[in-house]
Every structure is written in C-alpha cells, then in structure tokens.
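*Asks:* Here are the chains, one letter per residue:
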Amino acid sequence: MTKKQGARTNERSATTTEAAAPNREVKVSLDAWAVALALITSLLVWTGVIKHIPW
Amino acid sequence: MASTAVVSPSYPLDLFKRAARILPGLLLLAAVGYAGKLVERSIALYGRAHHLTLPNIEYVLWAILIGLAIANTVGIPKLFQPGLLTYEFWLKAGIVLLGSRFLLGDVLKLGGASLVLVAIEIAASLAFMTALGRAFGLKPKLTTLLAVGSSICGVSAIIAAQGAIDADEEDSSFAIAAVLALGAIALFTFPLVGHWLHLNDLSYGLWAGLGIDNTAEVTAAGALYSDAAAKIAVLAKTARNAMIGFVVLGYALYWSRKEHTGGVGNKAAFLWAKFPKFVLGFLLISVLATASVFSKDQLGSLANLSRWAFLLTFAGVGLRTNIREMLKQGARPFIVGALGEIAIAFLTLGLVYGAGKFLH
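Residue numbers (numbering that gives the first Met the number 0), protein chains in the order written: chain B, 0 to 54; chain D, 0 to 359.
What the hints contain is simulated information worked out from the structure, not anything from laboratory work.
Be aware that one or more of the hints could be misleading.
Listed below are the simulated DSS-like cross-link pairs for lysine-lysine, each with C-alpha atoms no more than 30 Å apart in a straight line [as the list claims (entries may be wrong)]:
{"#": "1", "chain 1": "D", "residue 1": "Lys266", "chain 2": "B", "residue 2": "Lys50"}
{"#": "2", "chain 1": "D", "residue 1": "Lys276", "chain 2": "D", "residue 2": "Lys140"}
{"#": "3", "chain 1": "D", "residue 1": "Lys257", "chain 2": "D", "residue 2": "Lys138"}
{"#": "4", "chain 1": "B", "residue 1": "Lys50", "chain 2": "D", "residue 2": "Lys36"}
{"#": "5", "chain 1": "D", "residue 1": "Lys276", "chain 2": "B", "residue 2": "Lys26"}
{"#": "6", "chain 1": "D", "residue 1": "Lys16", "chain 2": "B", "residue 2": "Lys26"}
{"#": "7", "chain 1": "B", "residue 1": "Lys26", "chain 2": "D", "residue 2": "Lys266"}
{"#": "8", "chain 1": "D", "residue 1": "Lys327", "chain 2": "D", "residue 2": "Lys108"}
{"#": "9", "chain 1": "B", "residue 1": "Lys26", "chain 2": "D", "residue 2": "Lys77"}
{"#": "10", "chain 1": "D", "residue 1": "Lys140", "chain 2": "B", "residue 2": "Lys50"}
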C-alpha cells in the first residue's frame with residue numbers, strides 16, 4: 000500500500016460513523032464516544048447516582 | 000475527530016483487551032495531572048505555613064512541565080502510548096461538560112460574536128499563509144495544510160484536510176510538527192503577553208481562542224490565565240472548530256478541480272463527516288443547564304468533572320511534546336508557520352480590541 004493510499008484509508012476510517020455491514024461492526028468516532036461519556040456522566044449526576052464530584 | 004474506535008458487541012474480550020492497552024498510559028496521564036495539582040497545593044501550603052507570598056502557579060503549568068520533563072528526558076515507553084493518545088478524548092469530553100457552565104444566551108452572544116471574528120480570522124490567515132508558503136517555495140499542498148492548521152483547528156484540521164486533498168503523509172507530518180511546536184510556544188507566550196497588555200478575561204479568552212491553533216493548547220493557555228478566560232477561550236475555539244468542514248470542503252473542491260479528480264461527492268455528507276460532533280454535545284449540555292434541568296450542586300459537579308477531564312488533557316499536552324522530534328522536521332515549514340502565527344496573533348489581537356467595544 001502506498002503512503003497516499005494509506006492516508007486515504009486512514010481518512011476513510013477517521014470519518015466513518017455508519018455501520019459497516021459485512022461484519023456487523025459499528026464504527027464510532029472519538030467525538031461520539033466523548034459526547035456519549037459526557038452525557039452518561041451528566042445523566043448519572045442528574046439522577047443522583049453520582050452525588051458529588053469534588054475538585 | 001481524527002480517531003475512531005470500533006465497537007464489536009459480540010467480542011467483549013476484544014473490548015477488554017483494548018481497555019487493558021490504554022490503561023498504563025491513562026494512569027500516567029492521571030499521575031502527571033494529579034502531580035501538577037499536588038505541586039500547586041504544596042507550594043500554596045508552604046507559603047501559608049512560612050508566611051511567604053509565593054507566586055500562584057496553576058496546576059495546569061505544573062502538569063504540562065512535568066509531562067514535558069518526562070517526555071524529553073527518560074522518554075515514554077511504547078506501553079504507555081495508546082493510553083496517552085486518549086488525551087484528545089478527555090479534551091472533548093471536558094468541552095462537552097463545560098457546556099454546563101454556559102447559559103445558552105451567553106453561548107449565542109459570545110459564540111455569535113466569535114463566529115464573526117472567526118470568519119475574518121480564517122479568511123485573513125488562509126490568504127496570508129498561502130502567500131507566505133508561495134514566497135518560501137513550499138509545496139502547494141504543504142502550504143494548504145499549514146494554512147488549514149493555523150487558521151482553524153491545528154492537528155485535527157490537518158488530518159481532515161490531508162485525506163480530502165490527497166496530500167502526502169510527509170507534508171502532513173511537517174505541518175503537524177510545525178503546528179504542535181508553535182502551539183507549545185503560544186501556550187507560554189500568550190498568557191505573558193496577555194498579562195503585559197492587562198487584557199481582561201473576556202478579551203484574553205477570545206484572543207487565545209482565535210489565535211492559538213490546537214484546542215488542547217487553547218484550553219491550557221486559557222486556564223493558565225484564569226478560569227473565566229479558559230471558558231471564553233474554549234467557546235471561541237469551539238466556534239472556530241465548527242468551521243472546519245466548510246474550509247476543508249473548499250480546499251477539497253479546489254484540489255479536485257485542479258487535479259481533475261472525481262470531486263467530493265455528496266457535499267452535505269462531507270460536511271457532516273468533518274463536523275466536530277462534540278460541539279453538538281456542548282450545545283446540548285448548555286441547553287439543559289439553561290433550562291434548569293440541573294441543580295446548583297449538580298452544575299458544580301459537572302464543572303468539576305470537566306476540570307478533571309482537562310487535567311488529563313494538560314498532562315497529555317506535556318507528555319506528547321517531543322522537542323527532539325520537532326527539531327528534526329526542518330526549518331522552512333516552521334519559519335512559515337511561525338511568521339504566519341505571529342501575524343495571526345497580531346490580527347486576532349486587533350479583532351479582539353475591536354470586538355471588546357461591542358461585547359462589554
């Protein structure tokens with residue numbers, strides 16, 4: 000694989016967020032993971048599961 | 000933006016292995032970040048105990064300096080590398096949680112003002128960097144990558160543009176090294192200049208958000224100045240990040256026409272793919288905070304969670320900065336980048352002074 004092809008492959012994987020059909024793997028971007036983690040922790044704080052976060 | 004993770008629900012063992020791979024580096028991030036916090040606290044306690052007035056150096060600077068010292072003396076073994084790369088993940092999670100400290104009205108007012116400034120900054124810096132690259136005889140695609148990196152959002156923008164314009168990996172490495180080196184310099188010079196000019200938190204935050212390239216360095220440079228400045232800096236930088244898709248699309252169209260390649264296909268899908276999704280998360284949390292979904296204590300907890308996430312990021316900024324590697328990259332891209340950054344710093348400072356009259 001040439002460097003350009005490698006770069007294109009990297010870019011494709013970097014921007015893909017849709018499901019990849021053949022092996023049923025779901026590709027999730029780093030951004031989406033970060034948003035999911037932040038929203039889940041916010042939910043845990045809102046529901047009182049996490050009572051207090053000190054600094 | 001630059002990385003992906005693959006979720007395979009049928010392979011929990013694989014997921015476990017991935018978690019095990021990032022654990023050492025993650026622990027190193029936490030240890031370095033917490034060490035920075037301990038050093039800040041110890042100095043304050045020592046000063047109080049001995050009735051001394053010592054300068055209050057924030058944990059941000061200590062975490063970065065400890066990280067820099069480790070990375071550039073003993074080095075970072077490979078075992079820690081996967082976990083270290085998660086610093087960008089913590090940065091984005093921290094920005095989303097930071098949305099809890101903004102009322103939507105502030106976001107719209109400051110974000111709207113930032114967008115106007117961002118549009119001027121991007122147009123001016125793209126034009127200036129392109130002219131500078133031509134004057135120094137840099138390869139056109141390297142010039143494009145440097146222009147995108149310095150005008151929008153550093154490394155993420157360069158990686159996004161690299162694929163879109165089909166640039167060589169060498170060009171991308173040059174541009175990333177230049178942007179990281181200049182970001183490290185800006186991280187220390189912006190707070191000094193800001194204090195020297197007696198900029199208030201709003202003006203300094205806007206200036207750092209518009210003038211520094213990489214989001215991690217923007218957040219750190221803001222936090223080095225003050226907590227309030229960090230908030231504004233992150234907001235201005237988030238507005239800048241939101242423009243990444245449009246600029247990369249413009250360059251993708253330009254290069255596909257120039258090289259007679261197939262174009263970019265569906266433009267809306269292209270824009271969505273390049274759009275930083277954490278901006279939406281930030282806005283969502285801000286909407287929830289504005290709607291009083293969270294109590295005051297809960298908002299405090301979310302703000303502290305954001306600080307912990309940034310603590311890991313600041314440690315990562317120091318640990319991933321390898322000065323020897325940066326020096327190997329050659330002088331010309333660095334000189335072009337440095338001249339461009341200085342010009343952008345002056346331009347954005349002027350913009351901030353102008354905007355200050357309307358934002359107070």
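*Asks:* Compare the structure with each hint and give your call.
*Replies:* Tested hints:
1. For a cut-off of 30 Å, the pair hint linking Lys266 of chain D to Lys50 of chain B is broken: about 45 Å separates their Cα positions.
2. About 27 Å separates the Cα atoms of Lys276 of chain D and Lys140 of chain D, which keeps this hinted pair within 30 Å; it holds.
3. With a C-alpha separation of about 15 Å, the suggested pairing of Lys257 of chain D with Lys138 of chain D holds against the 30 Å cut-off.
4. Of the pairs offered as hints, the one joining Lys50 of chain B and Lys36 of chain D holds, with about 23 Å between alpha carbons and a cut-off of 30 Å not exceeded.
5. Restraint check: the Cα-Cα separation between Lys276 of chain D and Lys26 of chain B comes to about 14 Å, which is no more than 30 Å; the hinted pair holds.
6. Taking the CA atoms of Lys16 of chain D and Lys26 of chain B, the gap is near 17 Å; set against the 30 Å cutoff, the hint holds.
7. Proximity of Lys26 of chain B to Lys266 of chain D is assessed by CA-CA distance (about 21 Å); at most 30 Å being required, the pair is judged to hold.
8. For the hint pairing Lys327 of chain D with Lys108 of chain D, the CA-to-CA distance comes to about 44 Å; that exceeds 30 Å, so the pair is violated.
9. Taken as a hint, the Lys26 of chain B and Lys77 of chain D pair is honoured in the structure, with Cα atoms around 25 Å apart against an allowance of 30 Å.
10. Between Lys140 of chain D and Lys50 of chain B the CA atoms are separated by roughly 51 Å; this puts the pair beyond 30 Å, and the hint is violated.
When the structure is compared with the earlier hints, violations turn up for hints 1, 8 and 10 and for no others.
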